[in-house]
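A.B. asks: Note that the protein sequences, when read in sequence, are chains Z and C. If you're matching positions, the first sequence starts at 1 in our numbering and goes up one per residue. If you're matching positions, the second sequence starts at 1 in our numbering and goes up one per residue.
Simulated from the structure, these hints should not be mistaken for laboratory data. Careful, some of the hints might be misleading.
Claimed, not checked - From the structure, some residues in chain Z lie toward chain C, with a derived Cβ separation under 8 Å: (1) Pro3; (2) Arg12; (3) Arg18; (4) Leu31; (5) Ala33; (6) Arg35; (7) Asp144; (8) Asp160; (9) Gln197; (10) Val198; (11) Val225.
Each residue gets a CB set at the ideal place from its N, CA and C atoms; glycine is no exception.
Listed below, chain by chain, are the residues.
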Amino acid sequence: MTPDPIDELGARLFESARSEAIPSGAEQRALEAARAEIGRQPVATRRISAGHKWLAAAACVALAAGAALLLRPKDTKLGISAEPSLLAHARPAPRTSPSTAPQPTSSSTSNQAPPIAPSLAVTVKPTPSLQAMPLPPVSASLSDEVSALKVASSALGAGDPTAALAALDRYDRVLKGQKLRAEATLLKIEALSRAGQVPAASALAQRFVDQNPGSPLVDRARSFVVKQ
Amino acid sequence: MAASRDEVIAIPSKAPLRDDSRVASSGLTIDALVAQHYGFIWRILRGLGLSSADAEDATQQVFMIAARKLDTIDPDRARSFVYGAALRVANNARRGLRRRREVVDDELPEEPEPEARGPEKMAELEQARRVLAQVLNRLEEKHRRVIVLAEIEQLEVPEIAALEGVPTGTAASRLRVAREKFRAALHALRDQNPFGDEP
């Protein structure tokens, strides 16, 4: 049985399509365009699911901690260890008995491993006494702080460290951001580094490392420290 | 802005602080996506009627779209994603071509490819590609797509079904009909003797 000439012809036509060469350099051009597209993405859409996960997680923890501080019972003389359950969920430090005065500490060692997110760690201001501790000043909301840091992070991702530094400056001066200070510091370190201000970035990173030896962010900060 | 000693909210991140946004949270990279699917998409677009140059532009658009959506692409369905994007880009490109009153299948190649073949062989291949485009242009879009996937990309029916988002049986019957229509269109063209000395 001889093959149908039409089928043979069709096979030749398809073979010609399969053998067609892609224009030289086309794939590389597409790759470069795609890479550039990533850098051009708008703030609202740019890798928010990955790049800002830590910001969102930090926001949740900071919100929980802030709410716990605001909701704490005013008649208690206890420090952090006797805070209400909301903070206890976010930061399950070992509870001490009421007769045990909490030791003021700046270390984060007693505040590790919250159950809501195993990778989260919170260190809050040491509180010799909740009554003695003033209420936090009314300042920018957490969402304001998150927004400012998102702007900075996105600017960094877009290769614009100057804009990132401007956003961080706003975080510092206008918002007087406190809740996400560590994250802001890390962003500033990177922005300085990318802006070519390596010594300043290194100095800030070293200060962060020195002041926050127990911080989970310390390794990241340390990577910006330039050895003399 | 130094981190204060007395208040630190520290969150370790799975994502590195240094921007590496070419890597999606799924681990998919735009580099890998382009490396794995560039040829597939370019040939699909050629099969859908774009000239070589337009196919290059359209393929580039496809991967720019993929770059924007990188975080949302399931690595196991990356080919489906770029295929779907390619169909949409092809539609837009063809609308643009129609507006410019350009007839793709009548275009001459922009420039001869530097293939390591003799000029006669190259001319024959070019002619074959042009005839193929003419035949494919006579098919309905859905038949054109499946026959390109089956005969040029040489995909199996289940793979075609997955890309087209239809049941396997539907893809199989669509492919059968597409092949019949392709043969009929080729017959019709041959009867018009478009190949000169071709049989």
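A.B. asks: Could you run down the list of hints and mark each one as holding or not?
C.D. replies: Results for each hint:
no., hint, verdict
1, Pro3, "violated (12 Å)"
2, Arg12, "holds (6 Å)"
3, Arg18, "holds (6 Å)"
4, Leu31, "holds (5 Å)"
5, Ala33, "holds (5 Å)"
6, Arg35, "holds (6 Å)"
7, Asp144, "violated (15 Å)"
8, Asp160, "violated (11 Å)"
9, Gln197, "violated (13 Å)"
10, Val198, "violated (14 Å)"
11, Val225, "violated (14 Å)"
The structure is inconsistent with the numbered hints 1, 7, 8, 9, 10 and 11, although it conforms to all the rest.
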